[in-house]
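So the protein lines, in turn, are chains A and B. Taking UniProt numbering, I'd label the letters of the first sequence as residues 1 to 448. Taking UniProt numbering, I'd label the letters of the second sequence as residues 1 to 448.
Hints are supplied without guarantee of correctness; some may be wrong.
Which copy? The list can't say, so a pair holds if one copy fits it or any two copies do.
[Unchecked claim] Computed cross-link-like contacts, EDC-like style, restricted to lysine to aspartate or glutamate with a CA-CA straight-line distance of at most 20 angstroms:
1) Lys58 / Glu187
2) Lys109 / Glu89
3) Lys281 / Glu101
4) Lys347 / Glu17
5) Lys58 / Asp203
6) Lys130 / Asp199
7) Lys109 / Glu73
8) Lys347 / Glu34
9) Lys130 / Glu251
10) Lys347 / Glu12
11) Lys130 / Asp100
12) Lys281 / Asp222
13) Lys347 / Asp8
14) Lys58 / Asp222
15) Lys347 / Asp43
16) Lys347 / Glu40
Because the hints were derived from the structure by calculation, they are not lab data.
For reference, the chains in residue letters:
2 protein chains.
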Amino acid sequence: MDQVDQWDIAVETALRERDLPCVRALLDERDAAEVASLLEREDAADRAVMYRLLDRDKALEVFELLDAGMRAELFQGLRDEDVAQVFEELDPDDRAQLVDELPAGVAGKLMRGLSPHERELTAPILGYPKNAIGRYMSTEFVRLLPHFTLGDALTHVRHRGGEAETVYMLPVTSEHRRVLGVVGLRELITGRSDQRVEDIMVDARVVRATDDAEAAARQVVDAGLLAAPVTDSQDRIVGVVTVDDAARILEEAEDEDAARQGASEPLGRPYLATPVFGIVKSRVVWLLVLAVSALLTVQVLDVFEATLDKVVTLALFIPLLTGTAGNTGSQAATTVTRALAMGEVSKRDVLAVAWREVRVGAILGALLGTLGFALAGLVFGLPFGIVIGSTLLLICTLAATVGGCMPMLARLVRADPAVFSTPFISTFCDATSLIIYFVVATWVLGIS
Amino acid sequence: MDQVDQWDIAVETALRERDLPCVRALLDERDAAEVASLLEREDAADRAVMYRLLDRDKALEVFELLDAGMRAELFQGLRDEDVAQVFEELDPDDRAQLVDELPAGVAGKLMRGLSPHERELTAPILGYPKNAIGRYMSTEFVRLLPHFTLGDALTHVRHRGGEAETVYMLPVTSEHRRVLGVVGLRELITGRSDQRVEDIMVDARVVRATDDAEAAARQVVDAGLLAAPVTDSQDRIVGVVTVDDAARILEEAEDEDAARQGASEPLGRPYLATPVFGIVKSRVVWLLVLAVSALLTVQVLDVFEATLDKVVTLALFIPLLTGTAGNTGSQAATTVTRALAMGEVSKRDVLAVAWREVRVGAILGALLGTLGFALAGLVFGLPFGIVIGSTLLLICTLAATVGGCMPMLARLVRADPAVFSTPFISTFCDATSLIIYFVVATWVLGIS
Chain A
1 MDQVDQWDIA VETALRERDL PCVRALLDER DAAEVASLLE REDAADRAVM
51 YRLLDRDKAL EVFELLDAGM RAELFQGLRD EDVAQVFEEL DPDDRAQLVD
101 ELPAGVAGKL MRGLSPHERE LTAPILGYPK NAIGRYMSTE FVRLLPHFTL
151 GDALTHVRHR GGEAETVYML PVTSEHRRVL GVVGLRELIT GRSDQRVEDI
201 MVDARVVRAT DDAEAAARQV VDAGLLAAPV TDSQDRIVGV VTVDDAARIL
251 EEAEDEDAAR QGASEPLGRP YLATPVFGIV KSRVVWLLVL AVSALLTVQV
301 LDVFEATLDK VVTLALFIPL LTGTAGNTGS QAATTVTRAL AMGEVSKRDV
351 LAVAWREVRV GAILGALLGT LGFALAGLVF GLPFGIVIGS TLLLICTLAA
401 TVGGCMPMLA RLVRADPAVF STPFISTFCD ATSLIIYFVV ATWVLGIS
Chain B
1 MDQVDQWDIA VETALRERDL PCVRALLDER DAAEVASLLE REDAADRAVM
51 YRLLDRDKAL EVFELLDAGM RAELFQGLRD EDVAQVFEEL DPDDRAQLVD
101 ELPAGVAGKL MRGLSPHERE LTAPILGYPK NAIGRYMSTE FVRLLPHFTL
151 GDALTHVRHR GGEAETVYML PVTSEHRRVL GVVGLRELIT GRSDQRVEDI
201 MVDARVVRAT DDAEAAARQV VDAGLLAAPV TDSQDRIVGV VTVDDAARIL
251 EEAEDEDAAR QGASEPLGRP YLATPVFGIV KSRVVWLLVL AVSALLTVQV
301 LDVFEATLDK VVTLALFIPL LTGTAGNTGS QAATTVTRAL AMGEVSKRDV
351 LAVAWREVRV GAILGALLGT LGFALAGLVF GLPFGIVIGS TLLLICTLAA
401 TVGGCMPMLA RLVRADPAVF STPFISTFCD ATSLIIYFVV ATWVLGIS
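Extracted from the complex, chain A is given alone in its bound form:
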């Protein structure tokens, strides 16, 4: 780790001193992954300079490791003759991702400039909707027929395997490309060469090209597969999705969930490489939406202003109560959102989730309520203790239930559960808990 850090610094120093041969030599020392992660930390101008200093093969490798947004930016900074060449050499799935990020005119021109073979490999990917796994699949794969002997199959892989995305999972199909099973390369080489493919093939776990990319990727990772065949609506193979593509898809999905959970949009690129206004943009909409929703709390308090004027002590507990409601709601929302993302919970569990959260909320509320009753009672007298204690019991129960159900409701209307982010639920709980608080207070303290 320390060594890498010093290498970073050496490259940056050489770059500042415009000692380009030295930068090139330093970049040559490390592998593509390390160069890519260095590039992701630099600003756009330095990144472009460094990228052009890489030798051709490494440049392509580095390019494929960068974030999607950054690829498009870098790509547009290349000279025209380089652009066409890089585009031709990219894997078809990476090429399809890039097409999404580029202005339509540029993308169209590039697609027309492709060799017929590469265009043919890319077109099917672009035919699927943006969130479908078909958009991430590789169309370069080697398929086997069931009657091949293992010896023939191995020869087939040797000849055709050079271009393929993976040869470690080999789909077995009928003549009409219908998936019959899969064979691992390990089983192929350890089997007897006169055995047939159909003797050693096992059931395939396939995904549909139109399936949601995140769900399909999660299936591949959870089942511990190296790759899975991707099929069209007639069960014919159209591509394969590999575990490293799947891991990348999940990482992007986690990015989005994590950002939404904190009420911002994903940056789509590394933090330090995002301009300050880019960060502002990712946060401002949510912040405004939440602030405007919070006007609700101003209105609730306005209604109870007379009560507040009589017993100003009530104001002291406002942040404590709204905070506790918000926290309880967030806890429930986070847990259920995660469970939905992991496929542990599905739509039909909505009642089971609600009933669990009612109980969890009531237990937490009883604990905190007892504590609140004791503390507030000691300092501000018994009636006040009763107000704080019973308010805590009620708001914890309500907040946990609401926090648990909101992500389920989002899923029921087919929205992203993470849209009902923690802060959104907090704001909702704030307003509700204030109403409960003042109703309980008016009643217990006998304020009219």
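Fit chain B to the known structure of chain A by using the hints.
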């Protein structure tokens, strides 16, 4: 999806009717991954019944796909004769994980009962600290020597590859097990059989057995590797870590981060399979800590009670202001925590992060402040507009800076950045923003 759901229901119905042959037949229909995800949805008793109905090979596969906590529980529910057998058949790395979850006495007895060969494979894994990648590596791998011809190497893989965790990435080592490079099985089978291993091997990306598991796993996934050799402090190979192990490690880490972000501890098992008291336990400590910290807000308001008593309208904006501060702080904290987890930002960037967040916070504060000034000014008069506007500007700047720096500080003291969870930062921002609010109000409104 629908089809799976109906299969779920069929199994559950058969189970309720105690029609065990039917349950067995239904379980036989689906692959291990589907059975595992069904088992994870059931309660402990049903899970144990279903597990015992699986045939031996599938049972082992299913066992390896379950969450760590669930494995230990299921394991302890098996008959003694089954326990020893399952333990013997597990992969060494899965066995090591299980040892961690079992009571020490049980684990020790099982380890002593292992065959010498299996014990030898497991012992090195158990020698590494709990968070180290060495704890997750596989000790069953096939290594090649550089002078092997490709033909010899392939024969070697054929003979030795049966037991190995992977044969798709083959480490090349010296006689003394020092890692010299790696060879992919694809390159091995597509090369000429008289070439030597050293002619086609490429530089290895190795991880140290004592490296942090999450960081090492992220390296493997980010570099798009199928596996990486794991070495000891003398650069000798001790194991390999595969991309599916890496993806699982990252998933667990995301679980923990997601839970902490929502102020709870990870459940360690699927939501619906966790007893209500388990969920309460995962939340209660954080909730209490946060509620006790929130007592600070009661004290701050207590200090300003006289001011509140004079201008009760000030109370109306308390939830709006504390909420906005909390949201701004969460946004910054979430973004920076994620950037740290992804390795986009490191310790030495603390000043760069602070300076970015000061600017982002100030811009957001200026936007919200202008809006607050206009709205509050219109409804409650100019002086009130000035109070709300300038308070928003100040608290957004402060909250973004604090939210961005707290995860960095956690990393500097080597704590988990996610410990300074969103709600924790919210609570801190609540108290600070109240102080700013009342100081500004006292000054602008001229209250004494």
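| request: Kindly indicate which numbered hints from before are broken by the structure, ordering the numbers from low to high. | output: Hints 4, 6 and 12 not satisfied by this model.
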